[in-house]
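Based on these hints, arrange chains B and C on the given structure of chain A.
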Amino acid sequence: MTVINDKFVVNTKGNTDIIDITNFVKSFVYNHNVQNATVLVYLAGSTASITHIEYEPGLLKDLPKCLDRIAPTDIEYDHDEMWHDGNGYAHIRASIIGNSTMIPLIDGALQLGTWQQIVLIDFDNKPRNRTVYIQMIC
Amino acid sequence: MTVINDKFVVNTKGNTDIIDITNFVKSFVYNHNVQNATVLVYLAGSTASITHIEYEPGLLKDLPKCLDRIAPTDIEYDHDEMWHDGNGYAHIRASIIGNSTMIPLIDGALQLGTWQQIVLIDFDNKPRNRTVYIQMIC
Amino acid sequence: MTVINDKFVVNTKGNTDIIDITNFVKSFVYNHNVQNATVLVYLAGSTASITHIEYEPGLLKDLPKCLDRIAPTDIEYDHDEMWHDGNGYAHIRASIIGNSTMIPLIDGALQLGTWQQIVLIDFDNKPRNRTVYIQMIC
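Protein sequence lines correspond, in order, to chains A, B and C. The opening position of the first sequence corresponds to residue 1 in the working numbering, with each subsequent residue numbered one higher. The opening position of the second sequence corresponds to residue 1001 in the working numbering, with each subsequent residue numbered one higher. The opening position of the third sequence corresponds to residue 2001 in the working numbering, with each subsequent residue numbered one higher.
Source of the hints: derived by calculation from the structure; they are not laboratory data. Hints are supplied without guarantee of correctness; some may be wrong.
Unchecked claim - Residues from chain A shown here face chain C by an in silico Cβ test under 10 angstroms; the list is partial:
id, residue
1, Ile4
2, Thr131
3, Tyr133
Remember, predicted model here, so these are calculated numbers, not experimental data. Using N, Cα and C, we set each Cβ at its ideal position, and we do this for glycine too.
Isolated chain A (complex conformation):
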């Protein structure tokens, strides 16, 4: 058994900033010359998510618009009344979408679709430095 840990830092603009981290993940994974593994991509925190999307300008507008219907930025949150940090919407979005993804590495290749990128979405209402953990089990 082997558990391989790696990590990298991403500087975000916050405010539902969507950042393509596919090449970071590929670079770290392929650097270890492993053939078969389950790869966990994980972000610690409660106001940002890891998920997949086709990274093109249209969807980078469409996804925030959709999330504005689910957890609008301009309604009142009990969280904000207590903590006055104005990011209640960010917590809700992160809880629904989740903060990790698993990708199978098979015969040396991460199994990603042609139009599928791995993204970090920072919902917080200010720029943040986010640490992304990569864990390979092989």
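For chains B and C alone, kept in the frame of chain A given last:
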């Protein structure tokens, strides 16, 4: 350590077609005679999801209705203005629900609830052939 | 290779009851004195979820309010017309949020953010006893 890889293809109708893949997953997993493992069920792509639901006719209508509130098929998407493929809603739904699930295999049994099925949901606006990857770490 | 299985039972009130299970998970994981592992936290069933949130009183009201917009408790569900158990909304919420999470254990520490708790959300419309499975791959 062992990483066991398997896969199968599912033909879908698209348009939020929900397909019960529980028996496929069970068949592949149990065929390897492993007692304890973490089982990843994963779909490569950006317009389909893997999740769990009680597979009965009522919910097969209810879930699409709910998703029509979150990411309607009949509103304008920036994605569609640029690519004219009409599946912007499908990308958004897939990003929110996710494209994989993990299930523990314990003492030879996948730990699924009585009413819990593993499903592939194809949101794309046309029939597709989808490859589902199963990866056992044990 | 090692697969370590553990589990514990949580008594819930149902009705989108959100329960902090972070200390249960930490206790079980740290009890095994493992340094590096991928930790799966998993709930079998189709009307409850496992996710992350900052566990404070404001968000415990905000998240249910948000889910009432996505899958309201007071609209008609085809599921309920057939089964008359009144928990159609619960199935939909669980399918969207998911029933598991993965957390990396690195150098003996679960990588959780300062404000990030692991929670079980029971959407069902009655109290339930829920079994949470913890599986460590290391």
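Hint check results:
This hint holds: Ile4(A) has a C-beta 9 angstroms from the nearest C-beta of chain C, less than the 10 angstroms allowed. Annotation: Thr131(A) was flagged as interfacial toward chain C, and the flag holds, the nearest CB pair being 9 angstroms apart, inside 10 angstroms. Checking Tyr133(A) against chain C by beta carbon gives a least distance of about 5 angstroms; that is within 10 angstroms, so the hint holds.
Hint compliance for this structure: no hint is broken.
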